[in-house]
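Protein chains: 2
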Amino acid sequence: MEIISENRAFGGVQGVYRHASAATGGDMTFGLFLPPQAAKSKVPVLWYLSGLTCTHENAMVKAGAQAHAAQNGLALIFPDTSPRGDGVADDDAFDMGQGAGFYVNATQAPWAPHFRMWDYVTEDLPALVFDHFSLDAARQAITGHSMGGHGALTMAMGCGDRFASASAFAPIAHPTGSDWGRKQLAGYLGDAPATWARHDASIQMRETGFNGPVLVDQGGADQFLDLLMPERLADAMAARRQAGTFRMQPGYDHSYFFVASFMRDHVQFHAEALRAR
Amino acid sequence: MEIISENRAFGGVQGVYRHASAATGGDMTFGLFLPPQAAKSKVPVLWYLSGLTCTHENAMVKAGAQAHAAQNGLALIFPDTSPRGDGVADDDAFDMGQGAGFYVNATQAPWAPHFRMWDYVTEDLPALVFDHFSLDAARQAITGHSMGGHGALTMAMGCGDRFASASAFAPIAHPTGSDWGRKQLAGYLGDAPATWARHDASIQMRETGFNGPVLVDQGGADQFLDLLMPERLADAMAARRQAGTFRMQPGYDHSYFFVASFMRDHVQFHAEALRAR
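Residue numbers (our numbering), protein chains in the order written: chain A, 38 to 314; chain B, 38 to 314.
It is worth saying that the hints were derived from the structure and are not from the lab. Any given hint might turn out to be false.
Okay, derived cross-link-like pairs now, SDA-like style, lysine to any residue, Cα gap no bigger than 25 Å in a straight line [said to hold, decoys possible]:
(1) A:Lys220 / A:Thr144
(2) A:Lys99 / B:Ala313
(3) B:Lys99 / A:Glu43
(4) A:Lys220 / A:Thr232
(5) B:Lys79 / B:Val50
(6) B:Lys99 / A:Gly110
(7) A:Lys220 / A:Gly281
(8) A:Lys99 / B:Glu43
(9) A:Lys99 / B:Lys220
(10) B:Lys220 / B:Ala271
(11) A:Lys77 / A:Glu43
(12) A:Lys99 / B:Glu160
(13) B:Lys99 / A:Thr92
(14) B:Lys99 / B:Glu309
(15) B:Lys99 / A:Pro73
(16) B:Lys99 / A:Gly52
(17) A:Lys220 / A:Gly195
(18) B:Lys79 / B:Glu309
(19) A:Lys77 / A:Phe261
(20) A:Lys99 / B:Ala104
(21) A:Lys99 / B:Phe299
(22) A:Lys220 / A:Glu268
(23) A:Lys99 / B:Arg301
(24) B:Lys79 / B:Ala313
(25) A:Lys99 / B:Gly48
(26) A:Lys77 / B:Gln286
(27) A:Lys77 / A:Asn109
(28) A:Lys77 / A:Met133
(29) A:Lys99 / B:Pro73
(30) B:Lys99 / A:Asp156
(31) A:Lys79 / B:Pro287
Under 10 Å between C-beta atoms, here's a sample of chain A residues computed to sit facing chain B [claimed, not checked]:
(32) Arg45
(33) Ala46
(34) Gly195
(35) Cys196
(36) Gly197
(37) Phe283
(38) Gly288
(39) Ser292
Here the structure is a predicted model, which is why all the values come from computation and not from measurement. All residues carry an ideal CB built from backbone N, CA and C; glycine is no exception.
With the hints as constraints, model all of the structure from the sequences given.
See the structure below:
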């Protein structure tokens, strides 16, 4: 593992690291914030998954999460959103290929060898960070924005009891029914809708739900509401009797100003769930 | 005045606007955060001046100031750091020309017609924003980072009683004695060191001081300590018996992670001074 940068922040350290990933078959870069409490003992972890076009960096510099993480003694991990590099397939569209891994394991050419973001985030990167840093693998929570909200919710529901709590900012809530999803799932997984269901938070919510609290924030003036389909997730959460909260925030759009505005609530929500573990 | 964007943030609005500036003879872009309190009455203003290479955008998305401004009912203004555009002179160096206006009124070619950032920030932009937005001109404070810390301190001391309080993050504290200053002051103002003194915070602090409280934070692991020369400012503040606080923060570097880490303290410091007006 190579250190790209380490900056003191809020009494802790905001680092950026690069490592060879078996899951994606190439080098991956991620951000990790260690709060001051990590100097004394292992700290709980909040995973933050980013949206379309993002790298590890966007949320790390724009979401303002470190202040709240330091206050609550949580580490933050910011994975990249796809494999990258010259040998990695890409697409001209911003919502396919590099920067748009959709948190699935691709089975179709030309994506299959590298686009294995599900395994990267749930297996490969955890193995690395829990080995190298002062982090408590028994206390993990997950959140994300847009495509990353989709990733956070589907991974929370798909990984048994690993995550104590799950939240999302404006998640792509029903990708199997949306232009943000159908193209990508068909491209990465093939024309086999049966394999898509585990990558649809609304379907998963309806079928299995999540064994822990859920918090979802959605901007009421989000320019992508038709693609995000939050009503399907709200419906499924209520139908499932899922322990959780779905909040429609009037006037907020899809930007990081929206994410930053409610980041404190999300970090405190996860901190509380993690304290109960 | 043209609206470039307006995003809901922390219950208020983060806007970006463009306007024709008489001071710089061209279009200028700035960011302005209006807290929720501005919907009911005029709110006090905290000016934030940015550093070398920055536009209006860097602090607006990276410094995390809006959360604290909303909590304290302050507006934030983020001016650009220089005139820009095809007709505007520039230099190959990152620390001269566009992105590096140094908050002076240039008198020398090729800079003189456009590089009038002192007048832009102290006259032109105030006239516009106090006319267009729900802001209280009687309650202003100023801060900044690096070159912007230099601008904030020199403008605070050079504008009589306009600003209730002044603060800086890692300011260029003694430009007349530093490679971050001598080249620029000579270029913009000519080889006339007598005209440079009012643009040197350490000299101004020693000669006149500031009629209000001052807060300065400096990272102890800042990679530019030799250019910033904070010891000259600390010396001058103490010699002047300036009401204020100079804090050396061990381990912090020059990045926005440093700025964000202490932004809450600065906003609260200014809010308290503004409440006393």
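Against the structure, the hints come out as follows:
1. Between Lys220 of chain A and Thr144 of chain A the alpha-carbon distance is near 14 Å, which keeps this suggested pair within the 25 Å criterion.
2. Between Lys99 of chain A and Ala313 of chain B the alpha-carbon distance is near 32 Å, which puts this suggested pair outside the 25 Å criterion.
3. Taking the CA atoms of Lys99 of chain B and Glu43 of chain A, the gap is about 17 Å. The hint holds against a cut of 25 Å.
4. Between Lys220 of chain A and Thr232 of chain A the CA atoms are separated by roughly 14 Å; this keeps the pair inside 25 Å, and the hint holds.
5. The hinted pair formed by Lys79 of chain B and Val50 of chain B meets the criterion: a straight-line CA distance of about 15 Å does not exceed 25 Å.
6. At most 25 Å may separate the alpha-carbon atoms for a hinted pair to count; Lys99 of chain B and Gly110 of chain A meet this at roughly 21 Å.
7. Between Lys220 of chain A and Gly281 of chain A the CA atoms are separated by roughly 30 Å; this puts the pair beyond 25 Å, and the hint is violated.
8. Restraint check: the Cα-Cα separation between Lys99 of chain A and Glu43 of chain B comes to about 17 Å, which is no more than 25 Å; the hinted pair holds.
9. As the CA atoms of Lys99 of chain A and Lys220 of chain B are separated by approximately 33 Å, the hinted pair breaks the 25 Å bound.
10. For the suggested pair Lys220 of chain B and Ala271 of chain B, the alpha carbons sit about 23 Å apart, so the restraint of at most 25 Å is met.
11. With a C-alpha separation of about 19 Å, the suggested pairing of Lys77 of chain A with Glu43 of chain A holds against the 25 Å cut-off.
12. Using a Cα cut-off of 25 Å, the hinted pair Lys99 of chain A and Glu160 of chain B is violated, with the two alpha carbons roughly 31 Å apart.
13. Using a Cα cut-off of 25 Å, the hinted pair Lys99 of chain B and Thr92 of chain A holds, with the two alpha carbons roughly 16 Å apart.
14. Our distance criterion of 25 Å between C-alpha atoms is met by Lys99 of chain B and Glu309 of chain B, whose separation comes to about 24 Å.
15. Taken as a hint, the Lys99 of chain B and Pro73 of chain A pair is honoured in the structure, with Cα atoms around 21 Å apart against an allowance of 25 Å.
16. Distance hint between Lys99 of chain B and Gly52 of chain A is fulfilled; the C-alpha atoms sit about 16 Å from each other, no more than 25 Å.
17. Note on Lys220 of chain A and Gly195 of chain A: the hinted pairing holds, with a Cα-Cα distance of about 22 Å set against a maximum of 25 Å.
18. Restraint check for Lys79 of chain B and Glu309 of chain B: the C-alpha separation of about 17 Å stays at or below 25 Å, so the hint holds.
19. A C-alpha spacing of about 43 Å is found between Lys77 of chain A and Phe261 of chain A, which places the hinted pair above 25 Å, so the restraint is violated.
20. As the CA atoms of Lys99 of chain A and Ala104 of chain B are separated by approximately 12 Å, the hinted pair is consistent with the 25 Å bound.
21. Restraint check for Lys99 of chain A and Phe299 of chain B: the C-alpha separation of about 16 Å stays at or below 25 Å, so the hint holds.
22. Our distance criterion of 25 Å between C-alpha atoms is met by Lys220 of chain A and Glu268 of chain A, whose separation comes to about 21 Å.
23. Our distance criterion of 25 Å between C-alpha atoms is met by Lys99 of chain A and Arg301 of chain B, whose separation comes to about 16 Å.
24. At most 25 Å may separate the alpha-carbon atoms for a hinted pair to count; Lys79 of chain B and Ala313 of chain B meet this at roughly 16 Å.
25. At roughly 17 Å between alpha-carbon atoms, Lys99 of chain A and Gly48 of chain B fall within 25 Å of each other, so this suggested pair holds.
26. Between Lys77 of chain A and Gln286 of chain B the alpha-carbon distance is near 21 Å, which keeps this suggested pair within the 25 Å criterion.
27. A threshold of 25 Å between alpha carbons decides the hint, and for Lys77 of chain A with Asn109 of chain A the separation of about 14 Å falls inside it, so the pair holds.
28. Note on Lys77 of chain A and Met133 of chain A: the hinted pairing is violated, with a Cα-Cα distance of about 42 Å set against a maximum of 25 Å.
29. In summary, the hint linking Lys99 of chain A to Pro73 of chain B is supported, as the alpha carbons are separated by about 21 Å, within the 25 Å threshold.
30. Our distance criterion of 25 Å between C-alpha atoms is broken by Lys99 of chain B and Asp156 of chain A, whose separation comes to about 31 Å.
31. Using a Cα cut-off of 25 Å, the hinted pair Lys79 of chain A and Pro287 of chain B holds, with the two alpha carbons roughly 23 Å apart.
32. Given hint, Arg45 of chain A at the interface with chain B, holds; its Cβ is 4 Å from that chain's nearest Cβ, closer than 10 Å.
33. Taken as an interface hint, Ala46 of chain A checks out: its beta carbon lies about 4 Å from the nearest beta carbon of chain B, inside 10 Å.
34. Restraint check, Gly195 of chain A versus chain B: the minimum CB separation of about 33 Å is more than 10 Å; hint violated.
35. Contact between Cys196 of chain A and chain B, as hinted, is not supported at the beta carbon level, the nearest pair being about 31 Å apart and thus beyond 10 Å.
36. With 10 Å as the threshold, the beta carbon of Gly197 of chain A stays out of range of chain B, its nearest partner Cβ sitting at about 35 Å, so the hint is violated.
37. For Phe283 of chain A, the interface hint is violated, the least distance from its beta-carbon to any beta-carbon of chain B being 19 Å, above 10 Å.
38. Look at Gly288 of chain A: its Cβ gets to within about 4 Å of chain B, closer than 10 Å, so that hint holds up.
39. Because the smallest distance between the Cβ of Ser292 of chain A and any Cβ of chain B comes to about 5 Å, under 10 Å, the interface hint for this residue holds.
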